[in-house]
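Using the sequences and the hints, build the whole thing.
Residue numbers (this note's numbering), protein chains in the order written: chain A, 2 to 313; chain B, -1 to 333; chain C, 163 to 489.
Among the clues, some could well be false.
[What the hints assert, rightly or not] Derived BS3-like pairs (lysine-lysine); straight-line CA-CA distance at most 25 Å:
hint : chain 1 : residue 1 : chain 2 : residue 2
1    : B       : K78       : C       : K383
2    : A       : K267      : A       : K219
3    : B       : K78       : C       : K374
4    : C       : K179      : C       : K303
5    : A       : K267      : A       : K213
6    : B       : K234      : B       : K78
Note that these hints are calculated values from the structure, not bench results.
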Amino acid sequence: MTVTPRGAVEVVIQPRPAATFFGAPVADIEDLRSGMIAVIGVYCDHFCEGHPGGRFAARQIRYVSTKTSHGESLPIVDLGDFNVFPLDPERTLESLTRQSQHVIAAGAKLFAIGGDYSMTPAIVRGISRELGSESIAVIRLSRRFDLLAPPASEAQSPRRTSATFQLSNILGGGPSAIALMGARGRVTAEEQLPAKASIVVPASQLIADSSKFIGDAKAALSQVAESIYLSVDADVLAPRFGATATTGTYDGLSLAQLLEVLDNFKDLQLVGAELTGHVPNLDVSGRAVTHDIMGIASKLLECLSAESSACR
Amino acid sequence: MPMRDAPLPRMAGDLTFMRSRRASVESLHADNLAILGAPIEDNIGRKAGTRFAPTAIRETSVYFGWHANPQFSHPVDIDKRSAIDTSAMHGRLVDVGDIPLEGLEAQSAVFAIRSLTRRIAEQNASTIVLGGDDSIVEPAIDGAIDKGSVGFIQIGGRLPGHSSLFERASGAEPVGHDAPPLARLLSDGRVEARNVMVMVSPSRPGIEFVRDFQQAGGVLLNAAAVAEARAEDITKNACTLARSTRSLHVQFDASAFRPSLHGMSERPAFGGLTLPDVQKVLGAIGQAPVSSLMVTGLNPTLSGLSVVKTGLRLTVTALLSYIYGRLGLTTIQAE
Amino acid sequence: MRPPAPSLFDAPLGDVKTVAEGSIGVVGMPTDWTHSSRIGAREGPDALRKATTEISRGVVDSLGGTAVDPSDGSYWRFNVSASVVDCGDAPIDPASVERTTESIAAMTESISARGAIPLALGGDHYNSFPACLGYARGLAKRHPDRRFGYIQIDGHLDFADRLGAWGTHNHATNGRRISELPNIERANMVWIGITGWVDGDELALIEAMGGKIFSSGDVHKLGAAEVARQAVQHATRGCENLYLSIDIDAMDAGFLPGTGSIVPSGITPRQYCQILDVIAQEQIDGLDIAEVAPSLDPSGRTERIAAHLLYRVLRNRIFSPAMPGDP
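Okay, here's the thing in structure tokens:
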């Protein structure tokens, strides 16, 4: 506002330049500082089976969240979208790894929105290159394990079904550095082999008593690593709450249950988080599901910034 | 390594209009053609949704962001086999963003639109205002009226159904809030009929309005007349209007298109123009020094949700003719 | 016996090795991973199978298998089982364009090498490259000395070398990749239905190599049949073999919105059919149809119009002449 010499107040209206995550200012890597949370879109669902459309999640969440005021109260910036190459998995994974590493190297935390879980190993690899693979563990919320070994010819395959397997090879703690929460329905026999055992909290336990079972899981993870990467897939929700690429079962968490689960992670030292699996064009409710996903993203931001506050 | 050293996939990242660069109002100058979104509508009924048009038009327009794509050489119109050098566009076509109208009461919204369009006019830049419905027209023009008389070209859109607007006897009832914008502008003399041209309105204007409007010097053209008109004559008329007034403003409403071409107009009606006719009209008008072009009435939520739909593509294709003309990339000789 | 699931025109199912010389082998390409914007064409093969089955069952169930063409009073017998085999879908690998390309090409090559006609159902239009790649390899096996002509009915040239982050193999580059095949006659490449603006460099390249472009404006001005005749003449000069690529997005979006890259002022359904009627008289020995995206058109007319286009281009093969009174 400006005040004229006669005392009348003149309101100067500025255009809103772009839809950003939670109304956050736009920034680039060079602008990042320690303590910031860099929210970044993942325009890529090209290597994942099931219905495509996760590539549009980041944009839709920007649209619905841009008018909220998180951007004013939290130290977040919108870093745009990762540079990806939709038909070149090797180049895409390399780009995600490099760019994730840059974000962490700047002292910021990373929050990736959109796309699917097949991108996660590349992001975690980038974080681990900066912080050391021994110091990171992953908490994954999804109805699936994704523990299948990739074909021998594809060690770096971006397949979603191999993502957790690849994470176990990236993290210094191996499978014991990964907590899988929210699984339900049937999994392949191969994924149940003891050698691939991670800390597992199925959906039924999360619904029954999330605090207890998550507390046990956190205690086990803390023996392995201090820093946590929190990965949430929309498919952990029951189908009526979510719109995802594949729907296998009728049950899962409600939105309220998931938000309650996420509250348990506020005391963790989170280095980053991601929200994957939302497919906006399957949101037949109009935009209701996308608003729910925004709610989950908002809660994840609280988790990321809560630890920031605790550490100051 | 900088994040932006590689191209993003086509629909990723910040989707500005035609992938143009963002600019602040303060940085605008006379050479600029500024895109400004006005996501607002009066309609709260079943067919509400024109407020989503600015976003939807931007999404569609990235297909046409050739000038910002280093792998694209230059566009050639495949029918006319005429090439267009778009290299000058990148610095001149800019996206200013959207007027923050969400949640504002009507009066505050009007103030916001008027205020921003006035500030852009003060920078001497030309604007394309992406509405919204036709409630943006009056405040956008009001922003320019302070500078003097205004010329107005309306393509499509609503016209008064009855009652004369040219009797300003005392005690005459004021024009209602929901009246067509032209009715409100004429009724209190903010715009004079002799400075107005109306093309192809799908609504049936009242006989009294037509009589008084034309007697007062206004020009009213139906679809057949527009289809037959030569581009040079349209340019000539637009230039004449621009010369005889302080600033020329144009409203292009989605109802100008034949509804069989798309389903995205709030007020579909029989008649209307084909795409080549609209391109002719907008391309011709773009040759004149137009202060603002307001795009109204496009509702992208009709016919279900999607990323790019027919009516949007039609509108952006038509807008290109205007943009190329307005930036001097294509020319029509007007006497 | 009818197949348990819809097949193209209710054709019998079979392996590529069962497709006899001269008949048509259908290969589905349910992928749109290489489309840069509106996705949905992966559902195209299924939708085409359902929609063409409606046509064939209408003829068989309602007309008893014999139909009269009202334009000339001729009698025709529906005979798809003797002329078409539906070989199912090619395995698609979303993680690898290369593997998907070879998967599709392997099936169309197998059909083409046997002297049969591969008909590939897209999918986005990139997939016409692997379909044509397989066809070209099969042709090279049968007739190593022959070159083929090419007609692409499309709203877009698809002649870019690369499309930004999408690289060199996507729905904007299929025409260019096809032009690089060793046994295509580049000067005999023809486009029909191009609309709007094109890249100036791509246009210059096509004209320099001797290719020919008929815009949708040319179709409106000269007439669809005349454009098709000129196109065929250009494409078959000195070539005994002809490949046809049908991209449904050449059709005006007002009629056919269920496709990824819609165009305004495109050709009308009637014009499209007239073009195909002319081309169908020629010895096409490989073809594909692409960009049918049913989820983008809730009315369901897109796949039905596309099915009718297939019917027009194939009707001389799936119908055989009959006499009045034939059972």
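**Prompt:** What hint numbers does the structure not satisfy?
**Reply:** No numbers; nothing is violated.
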